[in-house]
Every structure is written in structure tokens, then in C-alpha cells.
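Those sequence lines, one after another, are chains A and B.
Quick note on this note's numbering: the first sequence kicks off at 1 and runs consecutively.
Quick note on this note's numbering: the second sequence kicks off at 1 and runs consecutively.
Since the hints were made in silico from the structure, they are not lab data.
All residues carry an ideal CB built from backbone N, CA and C; glycine is no exception.
Take the hints with a grain of salt, since some may be wrong.
[As the list claims (entries may be wrong)] Examples of chain B residues toward chain A, derived with CB under 7 Å: (1) N13; (2) K17; (3) I18; (4) P59; (5) S80; (6) I84; (7) M86.
[Said to hold, decoys possible] Using 25 Å as the maximum straight-line C-alpha spacing, the simulated SDA-like pairs for lysine to any residue come out as follows: (8) K143(A) x S156(B); (9) K112(B) x S156(B); (10) K139(A) x S156(B); (11) K164(A) x K106(B); (12) K143(A) x T61(B); (13) K143(A) x L100(B); (14) K139(A) x T78(A); (15) K71(B) x Y142(A); (16) K79(A) x S80(B); (17) K106(B) x K79(A).
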Amino acid sequence: MSEVVIYSLVTAIFVGVSAGYLGSLMVLEKMALVGDALSHVALPGLAIGVLFNFDPLVGAFAFLFASAVIIWHIQRVTKISFEALVGAMFTFALALGILLMGNDLETLEEALFGDITQVTVYYMGAAVVISIVAVFLTKLIYKKLVLAMISEDLAIAKGINIAKTNLLYLFLVSLVVAIGIQIVGTLLVGFLVIVPAIAAKNLSGNMRKYSIYSAVFGAASAVPGILLANSLSLPPGPVVVVVGISIFAATVLINWRMKLTS
Amino acid sequence: MANSNGYILKVSNLEVKIQNQVLLDHVNFNVEKGTTMAILGPNGAGKTVLLRTLLNRVPHTGTIDWTEEVKIGYVPQYVSTADIPMTVREFLSIGNGVDLESTLDKVRLTDKSILDKRLGVVSGGQLRRILIAWALNDNPNVLFLDEPTSGVDMDSEEPIYLMLNEFKKEHKITIFLITHNIHIVQEYADSLLALNKCVTYCGAAAKIIEPDIQRQIYGEPVCVETMRGER
């Protein structure tokens with residue numbers, strides 16, 4: 001097994017777990033599409049990184065987080081739904097990204113679909129650290145966010161600052177989405193925050209199982225996907241998505257069976 | 001009439017305006033410690049806004065003076081539990097290291113197997129009791145109940161108020177109760193604040209059965225000047 005494959009597998013495990021875990025909240029918030037759309041916002045950041053010769057992932061993260069904060073702020077002021085604002089922001093970002101990268105189709109393709117064969121030790125280290133920090137901090141605010149979903153009044157009566165907690169969560173999602181881009185690209189990274197969580201939801205009767213299964217299914221999609229793509233010489237991003245959807249399909253069948261037998 | 005030492009809350013000239021719309025207009029009232037104050041009024045009268053303002057959640061002018069340190073337990077009117085895979089045990093454990101079985105005893109939920117059920121599948125009455133249990137978990141000295149029996153059948157409603165009443169007496173809790181049920185106001189509240197953005201009645205709850213008072217509350221809104229401590 002080549003070094004690059006090992007780097008990419010380690011990256012995939014950590015990114016899969018963190019994206020799955022953070023995504024479990026996004027699905028509950030009914031913001032699944034926000035996670036998906038948010039990922040496209042990274043494109044102009046990647047483009048600026050390429051154009052000005054700094055790490056495109058730093059640009060991607062900066063754009064993701066700036067967009068998340070802008071959307072969060074506009075939503076609080078105008079009460080327009082998250083989905084609508086993210087829809088506006090992501091098409092704008094996509095347009096901007098394509099304008100900036102229009103003459104460099106190869107880089108644009110890499111940004112859209114990811115290229116895990118480019119993973120370096122440095123990148124793997126960053127992915128591991130970011131994933132651990134994101135999961136740890138999300139675990140601290142997980143119940144607070146769920147309580148706010150049940151009722152904002154309940155959360156506030158409990159002394160929870162909902163605005164700050166949401167902002168921290170958006171920050172962490174931006175970080176995880178930024179590192180996930182290298183695996184499946186901006187076009188498909190939304191998959192990593194949505195599909196493992198909805199698969200987990202099919203099998204979970206409580207919150208603990210739900211969050212653990214989400215994390216496990218995230219890694220269980222990414223790792224076999226990369227191995228399979230590697231042995232079949234296929235692009236890894238789409239293979240990861242196909243593996244994840246297969247897991248989801250299996251959970252639908254299991255859920256259906258459980259309902260039939262109960 | 002209670003002396004001022006008996007008040008847990010004094011509200012004066014409370015005004016809430018959001019985007020130039022007046023939601024609460026010069027609201028004045030006091031609440032005695034260890035009593036239940038019912039809050040009554042038509043939809044959109046500002047009842048929930050009042051509770052949220054007392055929680056310091058809404059920008060306002062005027063003064064809200066809690067005369068002692070308060071720990072508020074809150075039972076909201078609406079909760080969204082259907083889509084969340086959380087069990088009753090997990091919900092009641094949020095931020096609390098309490099003995100869950102005794103918590104359920106407090107709200108007369110005798111079947112402990114409910115702890116492992118999902119919040120989204122318990123009945124309306126059970127959910128209201130669970131929410132009350134949640135609010136009581138922190139040993140609050142003030143309870144905010146926003147239509148605590150909405151979605152509960154009439155047979156289950158009365159036992160919930162009986163239970164709350166016992167709780168109030170045992171632990172000297174002050175209760176703020178939003179309700180539309182005149183019978184509940186008469187039976188379980190000590191004082192009544194009728195709202196229609198402004199105060200339309202503030203006084204003894206028992207007077208709710210008087211036709212004049214009902215006209216005052218449900219007829220054309222007439223704002224009244226409330227005296228401090230009027231009961």
C-alpha cells in the first residue's frame with residue numbers, strides 16, 4: 001500500500017467520523033441541504049488560494065466560515081429561512097468560483113470533485129487535528145443544540161446562549177467541510193454530512209446511538225470507498241458517495257423489517 | 001393586601017415594541033411569593049411575550065424587579081419532539097444529575113418504562129408531565145407554565161393542576177400560568193392578570209366568574225391602571 005493511500009485512508013477515517021457526527025445535528029435541524037449547499041461556498045475560496053498561491057483549503061475555510069457568519073447574521077436580522085439564504089449564497093459563490101477559475105478547467109474539476117491522491121502528511125495531520133477538535137467541541141454543545149431544537153424557550157430558561165452555540169457549531173461545520181473537500185470535492189462533500197446521519201436515524205431509538213452511528217457510517221462510507229476507487233482506478237469522490245448510499249439503502253431495509261416484525 | 005416584602009416580582013411600565021409594533025403596553029403588576037398568577041387574554045395579547053420578557057429574552061423598557069434571586073423552570077406551549085431520536089431518559093438528563101425515577105414520581109408518572117421511550121411517541125399528557133418534570137429538575141423557585149395542558153384531554157388536565165398546586169404549597173414556588181380555561185383560573189390561581197397588550201384586569205382570580213370582570217377581559221379592551229399590590 002503506497003504512502004498516499006495510507007494518508008488518504010487516515011484522512012478519510014477522521015473526516016468521515018467528524019462529518020458524520022456534526023452532520024447528525026444538521027439533519028435534525030432540518031438543515032441537511034444547508035450542509036450540502038454550504039460546501040459549494042468554498043469554491044471561490046479555493047480559486048483565490050490557487051490564484052494567489054496559498055493553500056486553497058485555507059481560502060475554502062475562510063469563505064465557508066465568512067459565508068456561514070453572514071448567513072447566520074442575515075437570518076437573525078431578517079428572519080428569512082436558512083435554506084433560502086444559503087441557496088442565494090451558494091449560487092453566488094459557485095458563480096464567483098467559476099468566474100475566477102474559468103480559464104483553469106483542471107483546477108476547477110479538482111475543486112469540484114476532490115482529489116485524495118494529492119493528500120500529503122501535512123494535510124493528513126491537519127485533518128486529524130481538526131476532526132478531533134471539531135468532534136470534541138461539538139460533543140460539548142450537542143445536547144444544548146438539541147434542546148434548542150426541541151424548544152428555544154427551554155434552552156434559554158436553562159441559561160443557554162443559543163446564538164453563540166449556533167455560531168460555534170457553524171464554525172466547526174465550516175472546518176470539517178473544508179477538510180472534507182479534498183476527499184470528495186465541493187460538489188459531493190455535502191454527502192458526508194447528510195447521508196451517514198440519515199442512515200443512522202433509520203437504526204436509532206436514542207440520541208447516543210444516533211450520534212455514534214452517524215460517525216461510524218461516515219467513516220464506513222469513506223474508507224471502503226477510497227479502497228475500492230483505488231483498486232478499480234476510479235475517482236474516489238463518487239465511489240465514496242455510492243458506498244454511503246448503499247449503506248443508507250441497507251438501513252432503510254433494516255428499518256422496514258424492524259417495523260414489520262415489531 | 002400583602003406588604004412589599006411578600007412580593008417576588010414587581011413589574012412597572014413594562015413596554016415591548018418590535019418593529020414599531022407594540023406587543024406590551026405599560027404593563028404594571030406585582031406577584032406575591034408562593035402564589036399562582038394566571039395570565040389570561042385572547043390570542044396575540046402578549047401572554048407568551050410577557051413570559052419571554054420576564055426571562056429577559058425580549059428587548060424592553062420599564063422595570064422588572066425580582067426581589068430575590070430566582071431560578072426559573074419553564075414549560076413552553078410548543079415543543080418539537082417528533083423528529084428527534086431522543087429518549088425521555090436522555091431528555092431529563094440534560095444538564096441534570098438527578099435521580100430520574102424520583103423525578104417521574106414527582107409528576108405522578110408511575111410506569112418507569114417510559115424513560116426508554118422516545119419523546120416523540122409518548123402521549124400528549126405524558127409529554128406535558130415530562131416537561132413539568134424537566135422544569136422541576138433544577139428545584140426552581142419560580143415556574144413559568146405556558147398553557148401546560150395544551151393537547152391534554154380534559155380528564156388528565158385536572159390531575160396536572162392538582163399536582164402543581166401541591167408542589168406550590170410544598171416548595172413555596174411562585175407560578176405564572178398562561179391558560180384559557182376560566183375554571184382552572186378560578187380553582188388554582190390566586191391572582192389574575194388579564195392582558196390585551198395592556199392590562200385589562202389585575203386582581204383576585206376568584207373574581208373571574210363575575211360577569212363585569214369577564215366583560216372587562218373579553219369585551220372591548222379597556223386598559224386599567226393597576227395599583228401596586230392590588231389583589
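Hint-by-hint comparison with the structure:
1. N13: Violated: closest Cβ of chain A sits about 24 Å from N13(B), beyond 7 Å.
2. K17: Not OK, violated: K17(B) not within 7 Å of chain A, min 17 Å.
3. I18: 11 Å, violated
4. P59: P59(B) check fails; min Cβ-Cβ to chain A is 13 Å, beyond 7 Å.
5. S80: At 6 Å from the nearest chain A Cβ, S80(B) passes the 7 Å test, so the hint holds.
6. I84: 6 Å, holds
7. M86: Holds - the Cβ of M86(B) comes within 7 Å of chain A, reaching about 5 Å at its closest.
8. K143(A) x S156(B): 30 Å, violated
9. K112(B) x S156(B): Roughly 18 Å separates the two Cα atoms, so the pair holds.
10. K139(A) x S156(B): 38 Å, violated
11. K164(A) x K106(B): Violated, at roughly 34 Å.
12. K143(A) x T61(B): 33 Å, violated
13. K143(A) x L100(B): This hinted pair holds, its Cα atoms lying about 17 Å apart.
14. K139(A) x T78(A): 30 Å, violated
15. K71(B) x Y142(A): With a Cα-Cα distance of about 24 Å, the restraint between K71(B) and Y142(A) holds, given a limit of 25 Å.
16. K79(A) x S80(B): 19 Å, holds
17. K106(B) x K79(A): At roughly 39 Å apart (the allowed maximum being 25 Å), K79(A) and K106(B) break the hint.
Going through the hint list in order, the structure does not satisfy hints 1, 2, 3, 4, 8, 10, 11, 12, 14 and 17.
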